[in-house]
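What follows is each chain in one-letter form.
Number of protein chains: 2
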Amino acid sequence: MTGKLFVIGVGPGDPELLTLKGARILREVPCLCVPKGREEGSSLALSIVQKAVDLTGKEIIEAHFPMKKTAGSAQEAAPSDARVLDTKWNETVETVSAVLARGTDMAFITIGDPTIYSTFFYLYDRLLELNPELPIEFVPGISSINAAAARVPLSLSLADEKIAIVPATYSPDLEKLLGSFDTLVLMKVYKVFDTVRKTLEKAGLAEKAVYVARAGMEDERVVADIRKVTESDLNYFSVIIVRK
Amino acid sequence: MTGKLFVIGVGPGDPELLTLKGARILREVPCLCVPKGREEGSSLALSIVQKAVDLTGKEIIEAHFPMKKTAGSAQEAAPSDARVLDTKWNETVETVSAVLARGTDMAFITIGDPTIYSTFFYLYDRLLELNPELPIEFVPGISSINAAAARVPLSLSLADEKIAIVPATYSPDLEKLLGSFDTLVLMKVYKVFDTVRKTLEKAGLAEKAVYVARAGMEDERVVADIRKVTESDLNYFSVIIVRK
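Protein chains in written order, with my numbering: chain F, 1 to 244; chain Y, 1 to 244.
Hints in this document: simulated from the structure, not taken from any laboratory.
One thing to keep in mind: the hints can contain errors.
Since the list gives no way to pick out one identical chain from another, each pair is judged satisfied if it fits inside one copy or across any two copies.
Pairs of lysine to aspartate or glutamate, EDC-like flavour, derived with a Cα cap of 16 Å [what the hints assert, rightly or not]: (1) Lys202 to Asp225; (2) Lys244 to Asp160; (3) Lys191 to Asp160; (4) Lys36 to Glu231; (5) Lys188 to Asp160; (6) Lys88 to Glu16; (7) Lys88 to Glu201; (8) Lys36 to Asp86; (9) Lys208 to Glu175; (10) Lys188 to Glu161; (11) Lys202 to Glu220; (12) Lys162 to Glu133; (13) Lys51 to Asp194; (14) Lys202 to Asp160; (15) Lys51 to Glu218.
Every value quoted in this text rests on a predicted model; they were computed, and no experiment measured them.
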């Protein structure tokens, strides 16, 4: 009998935003798999869980979880590193598979929600290749999008309104998108903040754009007009919400 | 001293998808406000909370919470009812304000997440008019969007992908939207399901469209090809996710 893999979204940072279900499963499983990548989120997922659940006596596996190369993400690997990345991915798949194969249930934790920009899905495809019958359950988490909107507070959508969620690297398309959407959520704004700000200012949208960093955490920043965002406000865990 | 108003997203149906924070606040506050409208969700929010938290001895206020008129929503009010609606809205604002004015903390519960298609925000504007200093805190909840994706399971977005969330009444724009988005989430599909299905079939997208009803509930339905959705699968709490 193989163990069951739970993929648990632990929310955006506030340990209390873990769900009752996530907390229960984390108490029950003997083993946690914690992604260990280059991005800041790697250690955050574990620190969130540690504040909500007693992990004493549990096996904690740090899995190499390198990032996929994507357009505009300066912190990710150069093509020459592709082979190294592939080896590391396979190591992670083997580590996770070995734990499950010995019949141990395991929780893979990921910040936010597993279905929103979580690299777990890359791992998932490889795990399914090895074992198409893998018992797996996804437990949703509060995404940084909902948490940020709650902290402003603003409604992302009412009645028949439309929302677009796009990485901030698409900022040149901002005006076009706002022509057909009521709310625009810009993700991954950290590395391209200045470009996004300039684009929004040019479009006359700066005062309709709210910057939220580390929503729900002690050092959270909510800036209602992105022209007022300073260098010290900038953070890896940030979104911009533009509401028409 | 006025009481504090907590607006709590109780998730899409599974009581365990309530957050630790939502559950704690619901245990602490002496009074709950439960929206009582025409839509099925009205009673669901309370039934979710009742399964997760002991409400014995708490004051439960049923607030009239009529729906705003929106395009394509057959169950909502005709324009001739507008004055009646307005009176009912004002009654709700007065009821909530009166409880807070006597210094009682109150939790307003709403299914899913308060920032995603929750009518609470209409009430919010009116409450702020009465009391601009109203102490209020929004507690995010798992939205039906994230819960549905987790149950398929599928990723809504990876790397630099884009998501559009639109009411299903926009289905004629489907093909155009899929030209520039990787994932399309169609909300409020219940009343227009046949039209949406026909549009997706015509666009050759039926097999890429997943229908999810009552995600995470006992009578959940996940149908991986929307051509296979039957009359008995149709439900008010449903979404369609189209993944390119």
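Status of the hints after comparison with the structure:
Proximity of Lys202 and Asp225 under a CA criterion of 16 Å is satisfied intra-copy only: 14 Å inside one chain copy versus 44 Å between copies. For a Cα distance limit of 16 Å, the shortest separation of Lys244 from Asp160 inside one copy, 14 Å, qualifies, whereas the shortest one across copies, 23 Å, does not. When the C-alpha separation of Lys191 and Asp160 is checked against a cutoff of 16 Å, the pair qualifies only between copies, where the shortest distance is 14 Å, while the shortest distance within a copy is 33 Å. In this homomeric assembly, Lys36 and Glu231 never come within 16 Å of each other (Cα to Cα): the closest approach is 27 Å inside a single copy and 46 Å across copies.
Proximity of Lys188 and Asp160 under a CA criterion of 16 Å is satisfied inter-copy only: 9 Å between copies versus 27 Å inside one chain copy. Proximity of Lys88 to Glu16 under the C-alpha cut-off of 16 Å is found in neither arrangement, the shortest distances being 33 Å within a copy and 35 Å between copies. In this homomeric assembly, Lys88 and Glu201 never come within 16 Å of each other (Cα to Cα): the closest approach is 42 Å inside a single copy and 41 Å across copies. In the homo-oligomer, the alpha carbons of Lys36 and Asp86 lie at most 16 Å apart inside one protomer (15 Å), although the nearest pairing across protomers, at 54 Å, exceeds that limit.
Taking the closest pair of Cα atoms, Lys208 and Glu175 come within 16 Å of each other only inside a single copy of the chain (13 Å); across copies the shortest separation is 29 Å, beyond that limit. Proximity of Lys188 and Glu161 under a CA criterion of 16 Å is satisfied inter-copy only: 12 Å between copies versus 23 Å inside one chain copy. Proximity of Lys202 and Glu220 under a CA criterion of 16 Å is satisfied in neither setting, with 27 Å inside one chain copy and 47 Å between copies. For a Cα distance limit of 16 Å, the shortest separation of Lys162 from Glu133 qualifies neither inside one copy, at 37 Å, nor across copies, at 30 Å.
Proximity of Lys51 to Asp194 under the C-alpha cut-off of 16 Å is found in neither arrangement, the shortest distances being 34 Å within a copy and 47 Å between copies. Proximity of Lys202 and Asp160 under a CA criterion of 16 Å is satisfied in neither setting, with 28 Å inside one chain copy and 24 Å between copies. For a Cα distance limit of 16 Å, the shortest separation of Lys51 from Glu218 inside one copy, 13 Å, qualifies, whereas the shortest one across copies, 31 Å, does not.
Checked against the numbered hints given earlier, this structure breaks hints 4, 6, 7, 11, 12, 13, 14; the rest are met.
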